[in-house]
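Q: Sequence:
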Amino acid sequence: MTAAAERTPVDVAVGVLIDAAGRFLLTSRPEGKVYAGYWEFPGGKLEAGESVEQALRRELHEELGITIGHAHPWKIELMDYPHARVRLHFCKVYDWQGEFEMRERQTMAWQALPVEVSPVLPGTIPVLQWFASERGFAGATHRA
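Throughout, the working numbering is defined as the position within the sequence shown, counted from one, plus 671.
Just so you know, these hints were derived from the structure itself, not from any lab.
Any given hint could turn out to be false.
What the hints assert, rightly or not - Below are the DSS-like pairs computed for lysine-lysine, each with C-alpha atoms no more than 25 angstroms apart in a straight line:
no., residue 1, residue 2
1, Lys-746, Lys-763
2, Lys-716, Lys-763
3, Lys-746, Lys-716
Quick caveat: nothing in here was measured; it's all calculated off a predicted structure.
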């Protein structure tokens, strides 16, 4: 068994917010966190007893100041980072209420393919590829 396989994954709820124009929201990781400055889809770890949707609802309110409508489960991706093994539960979100507040000193950007912001977190790249496949987009999804 590999060292990565021996590490228990941490479950993370991830919000893929999509606006009326089909753009998606990326946020930068704040200073003081692993991969500070990298762009990702917002979300966070599940707490004991929480469902993915409950965690996503809590995290997006804590981080962005919004209240989301229904979270549509989309994809699950297992990522091995040097600091942690994470199971990312991606949910599409099409409706929310409230004004966006960057409560963790992060930056936000509405993006389309190819994304203009960089660098992107490794766990973000599969999502960009899924979007490309769904939308019939050919070409690079992000800057390397």
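Q: Does each hint fit the structure? Answer for all of them.
A: Verification of the supplied hints:
1. Lys-746 <-> Lys-763: 9 angstroms, holds
2. Lys-716 <-> Lys-763: With a Cα-Cα distance of about 17 angstroms, the restraint between Lys-716 and Lys-763 holds, given a limit of 25 angstroms.
3. Lys-746 <-> Lys-716: Roughly 16 angstroms between the alpha carbons, so the hint for Lys-746 and Lys-716 holds.
The structure agrees with every numbered hint stated previously.
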